[in-house]
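Novice: Assemble the complex: chain G is given as a structure, and chain E must be docked to it using the hints.
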Amino acid sequence: MSDEYAIQVMNLTKYYGKLLAVDHIDLEVNPGEVFGFLGPNGAGKTTTVKMLNTLLEPTGGKAYIFGYDVSRQPYQAKRQFGVVPEESNVYTEISTWDNMIFTARLYRIPGSEQKRRIDELLELMELQGKKNDKVFTLSKGMRQRLSLAMALIHRPSVLFLDEPILGLDVHSSRIINNQIRQLNTEGTTIFLTTHQIEMADELCHRVAIINHGQIAAVETPERLKAAVEGKRSVEITMGNGGYTKECAGLAGLSGVKQAVRNGDKVRLFTSDPPTVLRGVMGYIQERNLPVVAINTTGPSLEDVFVDITGRPIGAPRRKFASEQCKGCPVREDCESEKEATDSGQAPKKHGGGFLKGSCER
Amino acid sequence: MNHEAVLTRIEKESFLSRIGDEIAQAWAIAIKDVQAYYLSPTTILWALLMPLAMWSCFVVRQGMSGEAGVSRLLAIITFFSTSSVGPVIILLERRMHTYDRLLVAPMSLWTVIIGKSLVGFMFGLVVCVFPLLIGMIFFGVTIASPVLLIVALLLSSAVFSALGTLFASGSAQMPCQVLIPTMLLRWPLMFVSGVFIPLDGMASWMRTLSYFSPLTYAQDLLNHAIVGSVIPTAGTVWLEGVQFCKLVGISQMGGIQDPFLDFSVLVVLLFLFIVPSLMLHQRSRRLGY
Numbered sequence: 002m003s004d005e006y007a008i009q010v011m012n013l014t015k016y017y018g019k020l021l022a023v024d025h026i027d028l029e030v031n032p033g034e035v036f037g038f039l040g041p042n043g044a045g046k047t048t049t050v051k052m053l054n055t056l057l058e059p060t061g062g063k064a065y066i067f068g069y070d071v072s073r074q075p076y077q078a079k080r081q082f083g084v085v086p087e088e089s090n091v092y093t094e095i096s097t098w099d100n101m102i103f104t105a106r107l108y109r110i111p112g113s114e115q116k117r118r119i120d121e122l123l124e125l126m127e128l129q130g131k132k133n134d135k136v137f138t139l140s141k142g143m144r145q146r147l148s149l150a151m152a153l154i155h156r157p158s159v160l161f162l163d164e165p166i167l168g169l170d171v172h173s174s175r176i177i178n179n180q181i182r183q184l185n186t187e188g189t190t191i192f193l194t195t196h197q198i199e200m201a202d203e204l205c206h207r208v209a210i211i212n213h214g215q216i217a218a219v220e221t222p223e224r225l226k227a228a229v230e231g232k233r234s235v236e237i238t239m240g241n242g243g244y245t246k247e248c249a250g251l252a253g254l255s256g257v258k259q260a261v262r263n264g265d266k267v268r269l270f271t272s273d274p275p276t277v278l279r280g281v282m283g284y285i286q287e288r289n290l291p292v293v294a295i296n297t298t299g300p301s302l303e304d305v306f307v308d309i310t311g312r313p314i315g316a317p318r319r320k321f322a323s324e325q326c327k328g329c330p331v332r333e334d335c336e337s338e339k340e341a342t343d344s345g346q347a348p349k350k351h352g353g354g355f356l357k358g359s360c361e362r
Numbered sequence: 004m005n006h007e008a009v010l011t012r013i014e015k016e017s018f019l020s021r022i023g024d025e026i027a028q029a030w031a032i033a034i035k036d037v038q039a040y041y042l043s044p045t046t047i048l049w050a051l052l053m054p055l056a057m058w059s060c061f062v063v064r065q066g067m068s069g070e071a072g073v074s075r076l077l078a079i080i081t082f083f084s085t086s087s088v089g090p091v092i093i094l095l096e097r098r099m100h101t102y103d104r105l106l107v108a109p110m111s112l113w114t115v116i117i118g119k120s121l122v123g124f125m126f127g128l129v130v131c132v133f134p135l136l137i138g139m140i141f142f143g144v145t146i147a148s149p150v151l152l153i154v155a156l157l158l159s160s161a162v163f164s165a166l167g168t169l170f171a172s173g174s175a176q177m178p179c180q181v182l183i184p185t186m187l188l189r190w191p192l193m194f195v196s197g198v199f200i201p202l203d204g205m206a207s208w209m210r211t212l213s214y215f216s217p218l219t220y221a222q223d224l225l226n227h228a229i230v231g232s233v234i235p236t237a238g239t240v241w242l243e244g245v246q247f248c249k250l251v252g253i254s255q256m257g258g259i260q261d262p263f264l265d266f267s268v269l270v271v272l273l274f275l276f277i278v279p280s281l282m283l284h285q286r287s288r289r290l291g292y
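Line order of the protein sequences matches chains G and E.
Numbering of the first sequence is given in this note's numbering, commencing with residue 2 and proceeding in unit increments.
Numbering of the second sequence is given in this note's numbering, commencing with residue 4 and proceeding in unit increments.
No lab work stands behind these hints: they were computed from the structure.
In this text the structure is predicted, and so the values were computed from the model without any measurement.
Among the clues, some could well be false.
What the hints assert, rightly or not - Residues from chain G shown here face chain E by an in silico Cβ test under 7 angstroms; the list is partial:
#1 Asn90
#2 Glu94
#3 Lys135
As the list claims (entries may be wrong) - Which residues of chain G face chain E? A few of them, derived with a C-beta cut under 7 angstroms, are:
#4 Tyr16
#5 Leu56
#6 Val84
#7 Ile95
#8 Trp98
#9 Phe103
#10 Val219
#11 Arg224
Idealized CB from N, CA, C, for every residue including glycine.
Bound-form chain G, shown alone (with noise of 0.2 angstroms):
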């Protein structure tokens, strides 16, 4: 245990009866870091963040908050936190200024500070003028932008965020991500668990991908991005008419992994990306294609998360292929398991390496 760390993480473990839902993983968030927590649906992201947050006790290991065990002193590790769920958990009942004397009164905000703090949390978060609304008033965002409000009021250290911005409109989002910039220039540190790929790649230093309750890997965005072969790409973007027949050629030029069309653009992913653009300088000049652009451009981080976890990000588990291929951590759209099943043989051992996801036959 160390409290160098703002978050620390030992071999933490979670059983829901036999379900293993969190695998021994161990994590450290340094102070000062916006730590993205990402993962797909059911792979323990939600259960890893309660242990953290106290609302779940673990069945194994240890999790620190600045030093303090969460199991074993929880009160010290809560006056270091601050929560701001998924869907904001505020007392529509009563008023926002209701809402904020409440949670400062829960805080132990001296008196003489409370309306001074709750009135500077107000204006950052655009809400003075619902101060005596009943929250059922408010719109999601300004209850979220409430939310986070609450989650201020003791200038806690580190800040657990649960999509922050999931479902609000352009106002509410920038509002609450220009907040999450400027608390981690002041140092807080966030931990920051999202299915928007584009936020954590933004706005992350590190990046955890969970996957059936396991770290997956643990690095800072670029990292990731350059670890992942064959995913960098030319895009191209089409004009008038957009993509025809003729375009279909393109997936079959030399250098070419895979072709993926998205409206008017192809994406050819390819670990040779001026090859690929010779190929289809020439391709689109000997066809008089109508395009309007041409981008290289590297593996974006869902690119990356798609290697690792082997599907998209929110997207629902999927039922075993092969009744051989159960015992396979990786089982999700395994290109193995496909083969396995046409061959009738099990697949012998996994991938090593931080970008788990494939497995020898």
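Specialist: Then chain E, alone, in the frame of chain G:
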């Protein structure tokens, strides 16, 4: 950030100041619940009209004296008002995830449970004032021992409010999952507790059952406090009860049981209801509901 300031404050906090904080936090929870849930007209009307309706039917039918009627009315009102609204609120807050807000705040589980029970306790006391005033003003009811009445009301409200919190501490997620079992429990308790049928008029098997009902002791203590007109039968030896009555200033006992027994059992029940609530909350943390 003032992480160092937070750490310094935590290290400097004494045990007494921590206790003071927890009391203030429990009070804050109670006040918030009053603002959010208890001040609605529906809640107040329900708490007043339902027991009044039951009592008036019963008193008219039985031809009971004002004092005896008021003591039973206060028992019913305390029982229903303190143990009905609280569990529903806890389950509603669980569904809305606002209950999580209390669980992640820096306070002990005791404080959460006491805070939630405190509001039911206060509600029961406030609701009791109206029938008591009506009885005194319009029916000429006199109180044999005001001191004992205050003690009885405080203790009964606390016990039944804790009972309500216990109902909601289990794994139920919907209000109806608590309301139905509690209604199935409350109605039989009322019939075996001396509220509708006086204890000394019960069949022996019912009288045996009455010892297991918390409402029996609350109702009997209220009878001692308000009625105070029945002289104990010869041969009844209640040494503690006699001393207890002298302590609270009554010379004649209106209840059937030893008032010291009523008082003691209610105090024990208060802890018997709160401690399992704590254990069930801890269980929910382990199991994740």
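Novice: Take the hints in turn and mark each one as holding or not.
Specialist: The hints, checked one at a time:
| no. | hint | result |
| --- | --- | --- |
| 1 | Asn90 | 4 angstroms, holds |
| 2 | Glu94 | 4 angstroms, holds |
| 3 | Lys135 | 10 angstroms, violated |
| 4 | Tyr16 | 10 angstroms, violated |
| 5 | Leu56 | 6 angstroms, holds |
| 6 | Val84 | 5 angstroms, holds |
| 7 | Ile95 | 5 angstroms, holds |
| 8 | Trp98 | 11 angstroms, violated |
| 9 | Phe103 | 5 angstroms, holds |
| 10 | Val219 | 23 angstroms, violated |
| 11 | Arg224 | 27 angstroms, violated |
In terms of the numbered hints stated before, the structure departs from hints 3, 4, 8, 10 and 11, listed from lowest to highest.
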